[in-house]
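Asker: Could you put the whole structure together from the sequences, leaning on the hints where they help?
Spelled out, the chains give:
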Amino acid sequence: MDLGDLNEDAVSTARKLGAEDSIALTARVNDRMIRFANSSVTTANQVDEAELMVYLAKDRKRAIASTSNLDSANVKSFVRDLFASLKGLPESEYVPLPDRKVKYRPSTLGFDRKLVDVGEELPELAKTAISASLAAGGKRSAGVIDAATVSYAILTSTGTDGSDARTSITLNIRSFAEKDASGHGLSCSSTLSGFDPEEAGRRAGTDAKKMRGASEPEAGAYQVLLSPTVAANIVETVGSAASAFSVDAGTSFLTEKLGKNVAAESFSLTDHGTVKGGLGGRIFDDEGTQTKSIPIIQKGELRTYLHNLTTAEKWKTKSTGSAGLVSPHGWNYEVGAGDSSYDEMVREMKKGIILTSNWYTRFKNYRTGEFSTVPRDGAYLVEHGKVTKPLKGMRAGDDLQRMFSSIRLLSKHREWIEWWEVDTPTLCPWLLVDGVKITRAYE
Amino acid sequence: MKLQEGKQLAEAAVSRALSAGATYAEARLQNTRGRQFILKNGESQPSFFAEGYGIGIRVISRGALGFAATNEMKPKLVSGLAEKAVKLAKASAPLLKKKITFDSSKAVKRRWSAPENVKIENADAGWLRKVLLDIEDRIGNGRAGVKLPGRFLALGAELEEKYYVNSDGAKVEARLPRIGFFGSLTALEGAASAQRFIQQGETGGLEVVKRVRLVEKVEEEVKTMGKVLRTAVKPPTGTVDVVMSPELSGIAAHESVGHPQEADRVLGREGAQAGESYLKADSLGRKIGSPEANVSDDPNILHSMGYTPVDDEGVAAKKRRLIKNGVINEFLQNRATSAEFGLESNGASRSVSFDREPIIRMSNTFVEPGDYSTEELVKEVKHGVFFKTFTEWNIDDKRFNQRYVALEAYSIEKGEVGVMVKAPVLEITTERLWGSVKARSKNMEFEAATCGKGDPSQGAPVWTGGPETLLTGIKLGAR
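Read top to bottom, the protein sequences are chains G and F. Counting in the working numbering, the first sequence runs from 94 upward without gaps. Counting in the working numbering, the second sequence runs from 3 upward without gaps.
Please note that the accuracy of each hint is not assured.
[To be verified] Calculated pairs, DSS-like style, for lysine-lysine (alpha carbon to alpha carbon, straight line, at most 30 angstroms):
id : chain 1 : residue 1 : chain 2 : residue 2
1  : F       : K121      : F       : K320
2  : F       : K149      : G       : K407
3  : F       : K424      : G       : K530
[Unchecked claim] Here are the in silico distance ranges between beta carbons for each label pair:
id : chain 1 : residue 1 : chain 2 : residue 2 : range
4  : F       : L304      : G       : R173      : 29 to 39 angstroms
5  : G       : K392      : F       : K121      : 55 to 65 angstroms
6  : G       : E113      : F       : G23       : 50 to 60 angstroms
7  : F       : K76       : G       : K169      : 11 to 21 angstroms
8  : F       : S21       : G       : R206      : 30 to 40 angstroms
9  : F       : K444      : G       : D152      : 50 to 60 angstroms
10 : G       : K369      : F       : G461      : 28 to 38 angstroms
11 : G       : E113      : F       : G65       : 53 to 63 angstroms
12 : G       : E349      : F       : E415      : 34 to 44 angstroms
Worth flagging that the hints you see were computed from the coordinates, not collected in a lab. Idealized CB from N, CA, C, for every residue including glycine.
Answerer: Right, here's the structure in full:
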């Protein structure tokens, strides 16, 4: 099953039927995973699958469909059915595909041939992480290692075609030392050589040990030092808010803020279609537009929303190469580095809390950006520049603009983050933020 | 049709896995077709259709689990996939501390389907759009009494068909049609804004839209948003009584009872992702709430989003009394966890797609009804707050410290519902919440929801619900 042939079948069928615009985008995924809990393997998985997405437009009527039934005959009948369905549709927001042919060659960024065949090594890599955690003080560990290879191919009715591929390997490990004492470690890389299960296991085990005897903090406003893991989870919500679709749908705190300050001057956020070390993205978006590096926030100022062709027309600008056919989105976020070391950031804190992991970030109102998130694993009270005790049982709440405008320091050190709580790969430093509200159960 | 063609492949895959060294094997064909239409601020978005068909094969070999899936449905490839699943299990076995076994649950042979009056296949883009336009007609341009600059309305119709076979003799064929609505609404009144996310849905055919009063419900929600923005005042803080609506009872039941009572979490299997549980394997029989605290999960409710009379391990699914009279009574089990507990599975294993392994899931989780009318329940309150709907919510990964921020809420004074109050916050431990239940109404209602769990993530359709539930002596905050 050649992805290029499938695209050719789809687009040529659409052309013959009379579609004005058509796009065929195929993706083939090979995913290998091992999971463990209580330091024992729970399952080993492998998924091989391919999918074809087709976009058709005629008379301003548009339809998108995806199928996993990829026999050539089925693809042709699939496109015929989709084209027939256009008749019953209303006109919708429509922008024709640009009249240009672009030939894409696969980017070498984010692809490591050595990762393509990784599979049988996964149990050994898991063992390395578990052993490192144990040596650092964790008593038992749960986690997952996931190795993925994704190949893409695109063909449009205007002649744009090409392919790209990505590899990634990620480890998410959590270690437990006793009842409420746990630590978290991640290693996320687009190359095998950049993957470090030992360091991730060591971190998880170290925090698990340090969290023994944790107590609940007093509720109140604190300086909060967010690890790259926590910061990336919140930064991802800023990236989502930058989608022009979110702005239109009323779910963005960045509404009516183009050209305005939305963060501290030290904060910059860029989205990259492809970037060295990036675990996601590709060189073309879903409409065949070349992806690039898009400065979303520069020195605290909101510079642009993320656009596809349709939203760009509406906003009288150009596509940023961020399609999603319905909703534009980011590919790989990068937060600019600061100039502080971790130790300097801790010394800067008078009354603060270090958070190393979090989950369950939920919004009261996406337009105002009011949210709360639940810290878990390593969390520590800092008093007058010194870590004094481990903390548990709290919740951090804020609104996004206040939080990002209150960034005091960013670290030089940055890490790629992608895990259960961060879908879009994000290169992130530690962030020291003033005045974050910490609450706990009232009783 | 596709399922009929694939049956032999599935049965051959089970045989192949056994001959390759599996001590247990199962194959699940799953064919899902879904159509969706979106209106954004009244504008039609491209119609969307998705179909996914493939096979997932799960085996036990040398005491380890292996799972492999593909959508390339060629006999040679599927046979190779069965061998691959066995190979994966064998290769991981050295990292096994305790062998995985399945219980001896009776293998079910059954064909089942969710009842539908008007076949789901009739839900074309035109029908979906018409329903959304009916909603838009009632809420667009301030017609429901408040400006809604952000309106995202999505209606979907999905048909899930499965064929499941395992080496213990189970053979199950299922047809599950669903209608699901999601709306994101942002209301503005001057500089103030309110936001509401509405999810509605049932299993069934096109009749679902009328049965759930979808159009009317969304209009009512929008009118309420306007009232919140115009009239809500500061809520009382300090110690009050709280009446949780069916919506609040449902989310609390789901988050702080259903999740911590998933046996895989209790045993640590979800530790790195969704987390573990404040409960341990020996917590069955522990008193956690007042005698009025009664929470169940029932996969056999007709029309429900979690309707699953036979689970994805070929086990007949039973109602689970999770908390009975304040005592932890039962966990949600699959065949592996029940073997560890020395029990039989209660049929809680589900998978959302052929490329996802079955894991323990809730179905329809709810507070059991009591014998009060809603009015009688409110009469019991001298000073309190009626939580009707919620926006922000979250809970820690042990499912013990939770928070619900209300959108629609009212004060209650001397047994009478009073003024609307703004964003009261219930931030409370699981033990305190269920320990505070004094009474429940007879009025049962359910909401559709999507439950997240697993790695890769699986969003499972569920219902959450219950009656009005009275909590006494609760410390309340405000956002």
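Asker: Taking the hints in turn, state whether each one holds.
Answerer: Against the structure, the hints:
A distance of roughly 27 angstroms separates the Cα atoms of K121 (chain F) and K320 (chain F); the hinted pair therefore holds under the 30 angstroms criterion. Between K149 (chain F) and K407 (chain G) the alpha-carbon distance is near 21 angstroms, which keeps this suggested pair within the 30 angstroms criterion. Note on K424 (chain F) and K530 (chain G): the hinted pairing holds, with a Cα-Cα distance of about 19 angstroms set against a maximum of 30 angstroms. With their beta carbons about 37 angstroms apart, L304 (chain F) and R173 (chain G) fall inside the hinted range of 29 to 39 angstroms.
The hint said 55 to 65 angstroms for the Cβ distance between K392 (chain G) and K121 (chain F), and at roughly 57 angstroms that hint holds. Taking 50 to 60 angstroms as the suggested C-beta distance range, the pair E113 (chain G) and G23 (chain F) conforms, at roughly 55 angstroms. At roughly 19 angstroms, the beta carbons of K76 (chain F) and K169 (chain G) sit within the given window of 11 to 21 angstroms. Between S21 (chain F) and R206 (chain G) the beta carbons are some 34 angstroms apart, a value that agrees with the proposed interval 30 to 40 angstroms.
At roughly 55 angstroms, the beta-carbon separation of K444 (chain F) and D152 (chain G) lies within the given 50 to 60 angstroms, and the hint holds. Restraint check, K369 (chain G) to G461 (chain F): a C-beta distance of roughly 33 angstroms satisfies the suggested window 28 to 38 angstroms. Checked against the given bound of 53 to 63 angstroms, the beta carbons of E113 (chain G) and G65 (chain F), roughly 58 angstroms apart, stay inside it. For the pair E349 (chain G) and E415 (chain F), the supplied restraint of 34 to 44 angstroms holds, since their beta-carbon distance comes to about 40 angstroms.
The earlier numbered hints are all upheld by this structure, with none contradicted.
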